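Participant: Spelled out from the first residue to the last, the chains are:
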Amino acid sequence: MNQGLAKRFRPGATLPRGDIPVLTVAQFRDTVATEVDRGARLAALFGVPAGDATTRLLALLADGHSGELAVVSTTVGESYPALTPDCPPAHGFEREIAEQCGVVPTGHPWLKPVRFQPLRPGCRDAWGRPSGTRVEPAVGPFFTVEGEEIHEVAVGPVHAGVIEPGHFRFQCHGEEVLHLEIALGFQHRGVEAAFVRQPATRAIHYAETLAGDTSIGHVTAHCQAIEALAGARVSARAEAIRGIALELERLANHTGDLGALAGDVGYLPTASYCGRLRGDFLNLSALLCGSRFGRGLVRPGGVVFDLEANRAKELLERLEHTFRDVSGAVGLLWESASVMARFEATGALTRETAVDLGLVGVAARATGLDRDARFEFPSGIYRLAHIPVSTWTSGDVFSRAWVRWLEIGRSVDFIREQVSALPGGALRVAPGALAPARLAVSLVEGWRGEICHVALTDEAGGLSHYKVVDPSFHNWQGLAMALRHQDISDFPLCNKSFNLSYCGHDL
Amino acid sequence: MTCEITMLKDIAERCRQGHRTLAYPKGEAVLPERFRGLPEIERSKCPPDCRACSAACPVKACAGNPGSPTLDLGACLFCGDCAAACPTGALRFTREHRLAAWSREDLVLRTPQPPPALPAAGKYRLFHRSLKLRQVSAGGCNACEADINVLSTIVFDMGRFGLQVVASPRHADALIVTGPVSENMREALLKTYAATPAPKLVIACGACAINGGPFRDHAEVHNGIGDLLPVDLYIPGCPPHPLTILDGLLRLLGRA
Numbered sequence: 001m002n003q004g005l006a007k008r009f010r011p012g013a014t015l016p017r018g019d020i021p022v023l024t025v026a027q028f029r030d031t032v033a034t035e036v037d038r039g040a041r042l043a044a045l046f047g048v049p050a051g052d053a054t055t056r057l058l059a060l061l062a063d064g065h066s067g068e069l070a071v072v073s074t075t076v077g078e079s080y081p082a083l084t085p086d087c088p089p090a091h092g093f094e095r096e097i098a099e100q101c102g103v104v105p106t107g108h109p110w111l112k113p114v115r116f117q118p119l120r121p122g123c124r125d126a127w128g129r130p131s132g133t134r135v136e137p138a139v140g141p142f143f144t145v146e147g148e149e150i151h152e153v154a155v156g157p158v159h160a161g162v163i164e165p166g167h168f169r170f171q172c173h174g175e176e177v178l179h180l181e182i183a184l185g186f187q188h189r190g191v192e193a194a195f196v197r198q199p200a201t202r203a204i205h206y207a208e209t210l211a212g213d214t215s216i217g218h219v220t221a222h223c224q225a226i227e228a229l230a231g232a233r234v235s236a237r238a239e240a241i242r243g244i245a246l247e248l249e250r251l252a253n254h255t256g257d258l259g260a261l262a263g264d265v266g267y268l269p270t271a272s273y274c275g276r277l278r279g280d281f282l283n284l285s286a287l288l289c290g291s292r293f294g295r296g297l298v299r300p301g302g303v304v305f306d307l308e309a310n311r312a313k314e315l316l317e318r319l320e321h322t323f324r325d326v327s328g329a330v331g332l333l334w335e336s337a338s339v340m341a342r343f344e345a346t347g348a349l350t351r352e353t354a355v356d357l358g359l360v361g362v363a364a365r366a367t368g369l370d371r372d373a374r375f376e377f378p379s380g381i382y383r384l385a386h387i388p389v390s391t392w393t394s395g396d397v398f399s400r401a402w403v404r405w406l407e408i409g410r411s412v413d414f415i416r417e418q419v420s421a422l423p424g425g426a427l428r429v430a431p432g433a434l435a436p437a438r439l440a441v442s443l444v445e446g447w448r449g450e451i452c453h454v455a456l457t458d459e460a461g462g463l464s465h466y467k468v469v470d471p472s473f474h475n476w477q478g479l480a481m482a483l484r485h486q487d488i489s490d491f492p493l494c495n496k497s498f499n500l501s502y503c504g505h506d507l
Numbered sequence: 001m002t003c004e005i006t007m008l009k010d011i012a013e014r015c016r017q018g019h020r021t022l023a024y025p026k027g028e029a030v031l032p033e034r035f036r037g038l039p040e041i042e043r044s045k046c047p048p049d050c051r052a053c054s055a056a057c058p059v060k061a062c063a064g065n066p067g068s069p070t071l072d073l074g075a076c077l078f079c080g081d082c083a084a085a086c087p088t089g090a091l092r093f094t095r096e097h098r099l100a101a102w103s104r105e106d107l108v109l110r111t112p113q114p115p116p117a118l119p120a121a122g123k124y125r126l127f128h129r130s131l132k133l134r135q136v137s138a139g140g141c142n143a144c145e146a147d148i149n150v151l152s153t154i155v156f157d158m159g160r161f162g163l164q165v166v167a168s169p170r171h172a173d174a175l176i177v178t179g180p181v182s183e184n185m186r187e188a189l190l191k192t193y194a195a196t197p198a199p200k201l202v203i204a205c206g207a208c209a210i211n212g213g214p215f216r217d218h219a220e221v222h223n224g225i226g227d228l229l230p231v232d233l234y235i236p237g238c239p240p241h242p243l244t245i246l247d248g249l250l251r252l253l254g255r256a
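Protein chains in written order, with our numbering: chain A, 1 to 507; chain B, 1 to 256.
Calculated from the structure, these hints are not laboratory results. Since the model is a prediction, treat every value here as computed from it, not as a measurement. A few of these clues could be false.
To list a few chain B residues with every Cβ distance to chain A over 12 angstroms, as calculated [what the hints assert, rightly or not]:
{"#": "1", "residue": "Ser44"}
{"#": "2", "residue": "Ser130"}
{"#": "3", "residue": "Pro214"}
Some, not all, of what chain B presents toward chain A, calculated at C-beta under 10 angstroms [claimed, not checked]:
{"#": "4", "residue": "Asp10"}
{"#": "5", "residue": "Leu77"}
{"#": "6", "residue": "Ser103"}
{"#": "7", "residue": "Arg110"}
{"#": "8", "residue": "Gln113"}
{"#": "9", "residue": "Arg125"}
{"#": "10", "residue": "His128"}
Rough simulated footprint, nothing fancy, chain B against chain A, three-plus residues with beta-carbon under 8 angstroms [said to hold, decoys possible]:
{"#": "11", "segment": "124 to 131"}
{"#": "12", "segment": "411 to 418"}
Quick reminder that beta carbons are idealized off the backbone N, C-alpha and C, glycines included.
Please model the entire structure based on the sequences and the hints provided.
Facilitator: Next comes the structure, spelled out in structure tokens:
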């Protein structure tokens, strides 16, 4: 009954800030909870300082069936009744709002900082910490299980492998994990605020390093938001090259993940081959732009490097070779009983849990949900070239591995198709000035899942607020749930099957 | 019987995948045509009072100081914006991947270039045949981390040089640090360093660890490890190419 209260628009369009509905807190909570009940996802929920010690809360709801976004807002003071009890996907967002804006979501079930940011000088603190308190990461209460023979295992922030830092706290009974709490924030670099504060020449580099393994995904989302605000029309050729780069990024990471999963169950042939093949895909990105991570390729208004006929031919030839080797390497997994015995029924999530937590990307599709921004909210080249959504239903490590394998095949098909029929057009147009007092949202399906960037401009056409939601922000909670009633020795395998970003979460 | 068939398939696939380890450092380093390696500045081409490169640089790595332009490889993100902005083509990126330096000063390209300082003879002799690395990501974006990780794959196979990533600082000879050192990782980094037995080396890998990278001067980071730890080797790049990292590590072994 509240569907009339939200303002609906399509990604890629911008909205005058004045058109964002300002509701009462009760209407706001009701609208968000109702929309989520009806199948929309909470793509973003964040606070914008609104003066007079108030905060404007904005909720962005993504309805995959209609391909529409809906936005609602409300104004709150020191506190408001939390959404999380009625709308679990708001869990992390409300903790973030408390930390960034000093607003208390009353009744939140587990109100802790998400990033352990330093206190904001002269501002209200949601936890009433006195000003000047040094915030120490991951220090504070953890959810504990009590009882005889219950023990706690603490891991991190520095891990055994070459991997980003995070802290994992397990409550165990013998080998069995009863609960896992994940404390992040070690990678916090203050990027969101810097998008607004720093000179514009740096913004593109923030986008490329938000999560360095997803440079193309984040930089494309950033450029789409900027281009929407600037009214820039990117050529079909540039869109196609961006799409090719995004799928190459997916191929490299999915291949690497399948190899790492094989390594975690001690099946070394696939681990060894895929370690090499991941690099071969990265080298295709380097063929395109000189950087294995696609750095320097995507810029507002288009792309910097062309894919000329001879380069396109080389790319296709090398792609075919690499894909053939990946098929051989990955095919061994499905035929090895010892691998399948470890993949199947490990770290299973149900479709209901995935919906409740608002999971995205591979983790969601591995429970049977057809969530894929390339299909639901197509932007750029994906408006013209469709990639079928790859799903599987068992929700376990096997399912997450299998979905990756399906996606590898479909990304290769997509690149073949795009490279052999590259459209014409200018590589890059000058994006021009940003429209004043508007909101722009971009949704891009990175290899981990949906990347959401939200940009707001002020009256003078400068960025006044920038919000980034990496898919990992939604999905870390999924990993915690997947570990319940698993053996603690299966943690590395489960963790790798999600392979989430620490810096993408910590920003 | 099924087991035997699976095993035969494994062996067949092994034969098909072939031998993949690079001949590096003996063979030639193969780098993509568009690779942005060591920049070169042709001073004579710099127009008077031109500051196009420094205006284009997002991290103030270029000082388009007319007459003697400098470029700080430690700060450089290798984005190429300076070369694109240069009106005369005086500044260009070559495909030279060997970028590592022993001192922070040696990373600043000057025109003319003074000879780089060399480490005291024998300083690293102890590690000539075996150097065990502990990696610490302190705000790294996972690109430097990924290209360190890749050195353990069959392509680079750094184990053949006695180089290995180990799981504990107690087993390590050197820390290889990535990221600008977020405030939230400062303590963990210092504790990891303290837990590494002496004699120990410190390697700053990537623009962030050397100079803060794109996050320089953010209140949340420390502009790299320079003020926190004694650095033995600097490896520039954003991220450095795996061969750039391998070349740097081989220098520590005296084998580059």
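Participant: Now tell me, hint by hint, if it's right for this structure.
Facilitator: Against the structure, the hints:
| no. | hint | verdict |
| --- | --- | --- |
| 1 | Ser44 | holds, 27 angstroms |
| 2 | Ser130 | holds, 19 angstroms |
| 3 | Pro214 | violated, 4 angstroms |
| 4 | Asp10 | holds, 6 angstroms |
| 5 | Leu77 | holds, 6 angstroms |
| 6 | Ser103 | violated, 26 angstroms |
| 7 | Arg110 | violated, 24 angstroms |
| 8 | Gln113 | violated, 24 angstroms |
| 9 | Arg125 | violated, 27 angstroms |
| 10 | His128 | violated, 24 angstroms |
| 11 | 124 to 131 | violated (count 0) |
| 12 | 411 to 418 | violated (count 0) |
Of the numbered hints listed earlier, those contradicted by the structure are 3, 6, 7, 8, 9, 10, 11, 12.
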